[in-house]
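Asks: Let the hints inform the model, and build the full structure from the sequences given.
From first to last, the protein sequence lines are chains A and B.
Per my numbering, the first sequence runs over residues 1 to 378.
Per my numbering, the second sequence runs over residues 1 to 78.
Check each hint, because a few of them may be wrong.
With beta-carbon atoms standing in for the labels, derived distance ranges [said to hold, decoys possible]:
| id | chain 1 | residue 1 | chain 2 | residue 2 | range |
| --- | --- | --- | --- | --- | --- |
| 1 | B | Q29 | A | G94 | 37 to 47 angstroms |
| 2 | B | K31 | A | S372 | 29 to 39 angstroms |
| 3 | B | F64 | A | D262 | 17 to 27 angstroms |
| 4 | A | A378 | B | G33 | 34 to 44 angstroms |
| 5 | A | D223 | B | K28 | 49 to 59 angstroms |
| 6 | A | T368 | B | K78 | 21 to 31 angstroms |
| 7 | A | N73 | B | I8 | 43 to 53 angstroms |
Calculated directly from the structure, the hints in this document are not laboratory data.
Note that CB positions come from ideal geometry on N, CA and C, so glycine has one too.
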Amino acid sequence: MPARVLILGDGDAGTIMANKLRFHTSRKDVEITVVGNSKNHYFKPDGVHISFNMLDYKKSVKPTEFLFNYGVNYIADTVTAIDVANHSVKTAGGKNMNYDYLIIATGDRFTPEDIPGYSESARHFYNLDHALELQKELKAFKGGKIVIGQASIPIMCPPAPYEFTFLLDEYLNFHGLRDKTEIHYVYPINSVFTIPNVADYISKKMEERGIITHTLFNVDSIDPKNKKVQSLEGESVDYDLLVMIPPHRGQKVISDSGLADDGGYINVDKNRLNYKDYDNVFAVGDATNLPVSKAGATAHFESQYLSNKIAADTSGNVYNELYEGDVACTTVTGYEKGITLFFNYNKPPRANFDSKFDYFLKWQSADTFFSSMVRGIA
Amino acid sequence: MDVKADHIIDARNSYCPGPLMEMIKAYKQAKVGEVISIYSTDVGTKKDAPAWIQKSGQELIGVFDRDGYYEIVMRKVK
Numbered sequence: 001m002p003a004r005v006l007i008l009g010d011g012d013a014g015t016i017m018a019n020k021l022r023f024h025t026s027r028k029d030v031e032i033t034v035v036g037n038s039k040n041h042y043f044k045p046d047g048v049h050i051s052f053n054m055l056d057y058k059k060s061v062k063p064t065e066f067l068f069n070y071g072v073n074y075i076a077d078t079v080t081a082i083d084v085a086n087h088s089v090k091t092a093g094g095k096n097m098n099y100d101y102l103i104i105a106t107g108d109r110f111t112p113e114d115i116p117g118y119s120e121s122a123r124h125f126y127n128l129d130h131a132l133e134l135q136k137e138l139k140a141f142k143g144g145k146i147v148i149g150q151a152s153i154p155i156m157c158p159p160a161p162y163e164f165t166f167l168l169d170e171y172l173n174f175h176g177l178r179d180k181t182e183i184h185y186v187y188p189i190n191s192v193f194t195i196p197n198v199a200d201y202i203s204k205k206m207e208e209r210g211i212i213t214h215t216l217f218n219v220d221s222i223d224p225k226n227k228k229v230q231s232l233e234g235e236s237v238d239y240d241l242l243v244m245i246p247p248h249r250g251q252k253v254i255s256d257s258g259l260a261d262d263g264g265y266i267n268v269d270k271n272r273l274n275y276k277d278y279d280n281v282f283a284v285g286d287a288t289n290l291p292v293s294k295a296g297a298t299a300h301f302e303s304q305y306l307s308n309k310i311a312a313d314t315s316g317n318v319y320n321e322l323y324e325g326d327v328a329c330t331t332v333t334g335y336e337k338g339i340t341l342f343f344n345y346n347k348p349p350r351a352n353f354d355s356k357f358d359y360f361l362k363w364q365s366a367d368t369f370f371s372s373m374v375r376g377i378a
Numbered sequence: 001m002d003v004k005a006d007h008i009i010d011a012r013n014s015y016c017p018g019p020l021m022e023m024i025k026a027y028k029q030a031k032v033g034e035v036i037s038i039y040s041t042d043v044g045t046k047k048d049a050p051a052w053i054q055k056s057g058q059e060l061i062g063v064f065d066r067d068g069y070y071e072i073v074m075r076k077v078k
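Replies: The following block contains the structure:
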């Protein structure tokens, strides 16, 4: 009888995990089932370019059910409870599913309710609807003060706020609006990015472009009537357009099932990705509280490790490798400018120069993603 | 240090910006007058946490070197 692998979540992490594992195992040895409730799979990194109408959004969306490789069972349903002690999962559709291996890839969710005033006035580009809405706002913008920031740490795709900021600077220049616009960038910690040498590189570029930065700025509330963002530290910045990444938390089902930390994320072993003492319960992607970027590029490397491990386990072999926190992330630093960051737990990334090649790598990455990465090929 | 902490956060082996975020979370939950102590092994936090305490107008009681980690102690004053 094949080992039953149950994967919760059909985003980047769940889909890549299922497809990679299918490549690494035979159907005789392993049965793979994915449970998720996304009708479409939206390639989120495109949100930055879609906001500036630099990409056709239709290329960034594919029907979820068609992204799984042959031999992966996909069930469109919502998980309502996870019982790791009894190896079972319940769904809204009334299913009670048992497993031999559980892989939690439920990602995170936006919690705008955490910041008073957020929903009334803030814009962002972290889902397709909001990216298109922001595109309209930018088309109508005639000058003033734009404030960009993030309402919490962690967020998905941590470089996205600075990517948006640099493209905005060039977009305003192109439309003759830069000298009529102040760009303010607010950030929660004592620099403009979480990784020190990348922060130094980004900070210098912001200074060169006349972008005004406010560090140690943790958003406390937003006053939509007077158009002001108030920080916990007592600083206030007014705006005409506010682009603020919403607060994130892990999925509610993870907290409700008693698996989460305060932020709703799962505490897993940083090298083995297993939950507590369970050797058959794992988490990958944004659902974990690992000290590594919440990004598809992270899920890709985690899935590589975990699919190798489960393939070895189920075929009677031993897998002694560890997940070392590997991430490879291409980010935009302006129009036709980009940097690719390679790093892991022990080696910080280098950020030395802008590359046109890296920019185009990012600009067309939905094609790469849907044709190979999500399929588990790359 | 002869000040007793009301809230102790053990953020050792947590990477930047984890310890700072943990301290801010504790600050939000604490009452005015309470003392918060954070343990950290992250080098950046030794500079960033006092900077946050100063900017937010709280009281920095001290930064203390301990055995293999350090401790930052603050009082919530507003």
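Asks: Which of the listed hints are not met by the structure?
Replies: 2, 4, 5, 6
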